[in-house]
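Using the sequences and the hints, build the whole thing.
There are 2 protein chains.
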Amino acid sequence: MDIGKAEETLERIETQPPDVVIRRLPLYARSLRYLLQEGIHSVSSQELGERINVTAAQIRKDLSYFGEFGKQGIGYDVEKLLDHIERILGLHHDWPVALVGVGHLGQAIARYEGFRSKGIRIVALFDSDPAKRGQEFAGLTILSSEQIATVVPVHHIKMAIVAVPAIYAQGVTDLLVAAGVHAILNYAPITVRAPEGVWVRYIDPVAVLHSMTYYLARDHNPMNNGA
Amino acid sequence: MDIGKAEETLERIETQPPDVVIRRLPLYARSLRYLLQEGIHSVSSQELGERINVTAAQIRKDLSYFGEFGKQGIGYDVEKLLDHIERILGLHHDWPVALVGVGHLGQAIARYEGFRSKGIRIVALFDSDPAKRGQEFAGLTILSSEQIATVVPVHHIKMAIVAVPAIYAQGVTDLLVAAGVHAILNYAPITVRAPEGVWVRYIDPVAVLHSMTYYLARDHNPMNNGA
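Just so you know, the protein sequences line up as chains L and R, in that order.
Numbering follows our numbering, with no gaps: position 138 of the first sequence is 138.
Numbering follows our numbering, with no gaps: position 134 of the second sequence is 134.
The hints are simulated quantities; they were obtained by calculation from the structure and are not laboratory data.
Ideal placement from N, C-alpha and C gives every residue a C-beta, glycine not left out.
Check each hint, because a few of them may be wrong.
[Said to hold, decoys possible] Quick look at which bits of chain R chain L covers, simulated, 3 or more residues with Cβ under 8 Å: (1) 16-30; (2) 50-64; (3) 89-101.
[What the hints assert, rightly or not] Some chain R residues judged to face chain L by a derived CB distance under 8 Å, without partners named: (4) 36; (5) 159; (6) 168; (7) 195; (8) 199; (9) 209.
Written as structure tokens, this is what we have:
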């Protein structure tokens, strides 16, 4: 191996895509799906960017981590780019998902057709409430949380959605991780601990609202009933 | 004004807290509330950090944007720090919130007690479905989306939650902005356009799952039924 090659390899290792890029890829993919639905088969980075409030330069830079796409002045083939991004995201595989917690929120999640999207499928429901056990919901039988340990490995489940009250979130996380889950989407309003190599992300609408009130309070007169 | 003062002022202007700091403050506040519930009244940045997977140094740096808190070796007074963070976030004021879209998701949102948290209160429900108009839900009467223009200003609503299908999200956003809303939490799986000065943030669980499949596919063998 000559020095040029070695340096090139080193550079590739150093340019692992940052997480912020990985997080934008699903938005690109979704936008490309909408384009296809509209019957649009070619798009410039400018046009794609306008649809998702990202600059054309940002899109080109993000995609450059994964190879060469599109041609200067011609734009991207929508179908090919979508296919490529879905492959990068691992969405050509089937990722069975467990949902823990079938209360009001969990029911809305189980019903939400967005979760029946490319690559993702909720295949098991768990709830600690004995009254719910055995009930059918959204085409699945609700299982006891104690069955996480046995059912998760059988279905090769690596990904789970947690929609339990905050006080149970850590216990459920521990059960899921012990059963082989490596990616958790946590709706409970609390930060959980998980071992290295397990990805935990949060859906935290109240925290998001509370961050926006900062800007509202700075820029606007709130209703003045405050302390 | 001497040059020293001018430089200090300049530095303050330059050290406006970045958005990522503003987004962490609600997590600090929540963790402090949990501490109070547990009867804990003093906490070190180390202990606080462990609860939310943030380093002690990060917490100290984040808080330093807003003044001096705690004393070296003594830690923070939980109640005082919470009060201070809530004031920074504008949560000592009352922010009435409109919810647009009362389908399965909207119903779960309207019922979710987390949204009846400090500073935030859903005060108006809108839905375009004539069959829903006039129905009571979560203590509120569902109004027609056409009433956004009149009801939002009357209630001084500056913040809204959008839980409508993707194809309606832009239209609803436009109505809300025209009625005086400056902060939108958008659950619809599409990026919307809003004028300068309007904050739009997204709750996008499918995009989050799709970003985690990237890491799963990289680190693990998926079920191999893929294309």
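Hint-by-hint comparison with the structure:
Check on the stretch 16-30 of chain R: 8 of its residues sit with their Cβ under 8 Å from a Cβ of chain L, so the three-residue criterion for coverage holds. With 3 residues carrying a beta carbon less than 8 Å from a beta carbon of chain L, the stretch 50-64 of chain R meets the three-residue requirement, and the given coverage holds. Coverage of a stretch by a chain is defined here by at least three residues with a beta carbon nearer than 8 Å to that chain's beta carbons; for the stretch 89-101 of chain R and chain L the count is 9, and the condition holds. Contact between residue 36/R and chain L, as hinted, is not supported at the beta carbon level, the nearest pair being about 14 Å apart and thus beyond 8 Å.
Taking 8 Å as the C-beta contact cut-off toward chain L, the hint placing residue 159/R at the interface holds, the least distance being around 7 Å. The interface hint given for residue 168/R is violated, since its Cβ lies 14 Å from the closest Cβ of chain L, which is over the 8 Å cut-off. For residue 195/R, the interface hint is violated, the least distance from its beta-carbon to any beta-carbon of chain L being 12 Å, above 8 Å. For the restraint placing residue 199/R at the interface with chain L, the shortest Cβ-Cβ distance is roughly 5 Å, inside the 8 Å limit, so the hint holds.
Taken as an interface hint, residue 209/R checks out: its beta carbon lies about 6 Å from the nearest beta carbon of chain L, inside 8 Å.
Comparing the model with each numbered hint stated earlier shows that hints 4, 6 and 7 do not hold.
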